[in-house]
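The residues making up each chain are set out below.
There are 2 protein chains.
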Amino acid sequence: MKATKYVLTEKDMPTKWYNIMADMPTPAEPALHPGTGQPAGPEDFAPIFPMNILEQENSTERWIDIPDEVLQKLAIWRPSPLFRAHALEKALGTPAKIFYKNEGVSPAGSHKPNTAIAQAYYNKVAGTKKIITETGAGQWGSALSMSCAFFGLECKVYMVKISYNHKPYRRLMMQTWGADCTASPSNETEAGRSILAKDPDCPGSLGMAISEAVEVAVQDETSKYALGSVLNHVMIHQSIIGLEAMKQMEMAGAYPDVIIGSAGGGSNFAGLAFPYALDKINGKDIDIIAVEPKSCPTMTRGPFAYDFGDTAETIPMIAMHTLGHNFVPEPIHAGGLRYHGMAPLVSQLILDDIIRPVAVHQKDTFKAGITFARSEGFISAPECNHAIAATINEALKAKEEGKEKTILFNWSGHGLVDLAAYDAFFQGKLSDHDLPQEQIDAALKDIESYPKPKQAT
Amino acid sequence: MKATKYVLTEKDMPTKWYNIMADMPTPAEPALHPGTGQPAGPEDFAPIFPMNILEQENSTERWIDIPDEVLQKLAIWRPSPLFRAHALEKALGTPAKIFYKNEGVSPAGSHKPNTAIAQAYYNKVAGTKKIITETGAGQWGSALSMSCAFFGLECKVYMVKISYNHKPYRRLMMQTWGADCTASPSNETEAGRSILAKDPDCPGSLGMAISEAVEVAVQDETSKYALGSVLNHVMIHQSIIGLEAMKQMEMAGAYPDVIIGSAGGGSNFAGLAFPYALDKINGKDIDIIAVEPKSCPTMTRGPFAYDFGDTAETIPMIAMHTLGHNFVPEPIHAGGLRYHGMAPLVSQLILDDIIRPVAVHQKDTFKAGITFARSEGFISAPECNHAIAATINEALKAKEEGKEKTILFNWSGHGLVDLAAYDAFFQGKLSDHDLPQEQIDAALKDIESYPKPKQAT
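So the protein sequences, as listed, match chains A and B.
Here the numbering used here is used: the first residue of the first sequence is 52, the next is one more, and so on.
Here the numbering used here is used: the first residue of the second sequence is 52, the next is one more, and so on.
There could be a bad hint or two in this list.
Just so you know, same-sequence chains aren't split out, so a pair can sit in one copy or run between any two.
[What the hints assert, rightly or not] Straight line, CA to CA, 35 Å or less: simulated DSBU-like cross-link-like pairs of lysine-lysine: (1) K141 to K249; (2) K503 to K331; (3) K53 to K418; (4) K181 to K56; (5) K335 to K62; (6) K53 to K414; (7) K496 to K335; (8) K505 to K450; (9) K62 to K180; (10) K448 to K503; (11) K62 to K148; (12) K414 to K450; (13) K480 to K448.
Think of the hints as simulated: they come from the structure by calculation, not from any bench.
Produce the complete structure using the sequences and hints provided.
Structural data, given as structure tokens:
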């Protein structure tokens, strides 16, 4: 029998997270205060995040202890299995060896609980009673809902309206875990009301939902905000993916030539890639690919600039690849990949040629996901199908070139709650276009008056 | 850190299935030919099943080799993890130790692929080109669709109409895996048309859908039928659950006082319970509980009798607990528990006091599932919530009595594709009644003219 899964026991779980800020060739530039434009310290973030999380946000410690209480909850599904995709390789007729890390085994079905558990725990310790957040596809909102249930915290989620309508099941997951979920933009906040006044049919965006969540979070000292991607502490929490994968690839006697992850805010990608990125910084030859949709091409076409993370311009500005905080992407079904910006750490590593971004068309991602499902069995989240599409491209390139090659990608979550998107694909209702240049120009205009980062593009 | 999961590697997977027919105190009674009423041989089943499966159906070999090709596909998710439910125990304040076997880790999300993979493989070997089946909640249909994709077979599924409408996502899973799914009763078959002529709004039943599938399967030599529960070979294939659990309970240093599984056709329950039932037959004191809905109380109120497995009376009669093959259960949301009959092997072991059946109310099962989700994280299939409700009852009894007790239940699948049922619960739309006596009387009338098994009740 050919080995299919490489499995670690919970005793083999990493007990420290990896923080790439200790090793970056060029340090990421500091966040800026939204009012003054000066570098923002922890105190500027204090109304929205607890101090223990802010310490991580700015840490340059290479290794950070994972608290026992967090490990205990992560053990519900971690270490996650690493798979060799024998059947996919056979279906493609490729000489490439394809491995994937299966983050879909968590109760919420994605990698998101890796950081949700940690954030709920740190908030609990800091005395937070209620966490407010936003969610795109609902992966993050459901992960945080579950984590809040575990630690006895209240949870409120603003869900991007287009996803709220496309994905009723994720709202029901949040409800099952005891959270309160509202479609954004909503009438519950200033930010929401002002958006609806201009456009009552607005489909929403992550930037808008963040503004709503932050507005509510700062109203009460025992309420805090939580973000499921983009920020440094999230990248740290997700590093457990790559740390486990390194042990498992060793068990398989393999080392990846290519690493692939889909990137919306950047966290599932970074989780797998950053521990390997350290090897690359130290001289290893690895092609590390971040995959995004052609209709929301933050990394491949967005400038590197200081921009706001939210629409209402209430939280500090960060240096990142961005399509502008007023960008409203078309309602593609990979809701988790509709964010206008990209994690500062991922953005910086793109500038330093550690990470190579690519963009793929929506229809190709569903075709890839169906090929994967019929060979490997698992039905993938639409976000994850982006990583699969890029993996298949690399595997077919290896076939053309007759080259052996080892590819490792992050299977960030299953798509069982996203099947309406597959339905749209089967019915031929999915569009398949590149972002028009006008929208890139609008982004440039959006950010032109802001401070420029050193490597501004 | 407290141990949460007990994990085996794929090298530890059982390589033989356990067949309880070798060890039953009273052998199960033979199936009867639908026309003659005489004991039916393999030849009577030959138009619908391939001969290699029929050999298993009648085997009294205690151990049956699992083919390598089957093991290779099972390795995608097996061995499945065994969990200690620390958080649920804490939430209940019970002295009981609760363990559960997680069968939701399969790509289809339930235990069903354990037999679907095996049946697809045996059909492939026997030269079958296309498999036709029925499905209730869609767990079986989706599992078979995936398995057919793995072995390059065509797949056609008749899905009980009420579930087809409640669970569009399962139809989409089948479509993603390349199968063709039709709501039953349909206009595609004689059986379907005759039912629709009498009742155009008929919500369907498993018995009806079986009739449709069998009718189509016998029309072509290279087409076969497959059943996801009830029959002996299915119970054999599912025994891998219990065989793994025994190894894992040993790792945990525990042995169950109570074993619990939900039972519709009986296969997930039997999968966990039968290897332990052998210990009970050999003198061990174990309470083995099969759980069913009060609204479809096959085991607790249905007589033990010879009855047809399908509505059109086309397949051989089997001796089982039954509500009569004309029974149409109310549209409860646990579609997998709506079958009028029960596996003959489970039925026989109830008569011999090896298995104790209990029935639970629908609302209690959802309450139990929500308690489980908020403590353990996983959102359960409505069928599985029946096992959780019985587990909670046993754990609270242990608390009342101040007794230590070890409970092991089968977490047969996740409910992420069944969230519409949770929605109905949240909205207070679920009914909660016992089956009226008239329907039991109708069953008795239904079967009174058929041959009587020796232990007829």
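Any hints this thing doesn't respect? Which numbers, in order? Violated hints: 1, 7, 8 and 10; rest satisfied.
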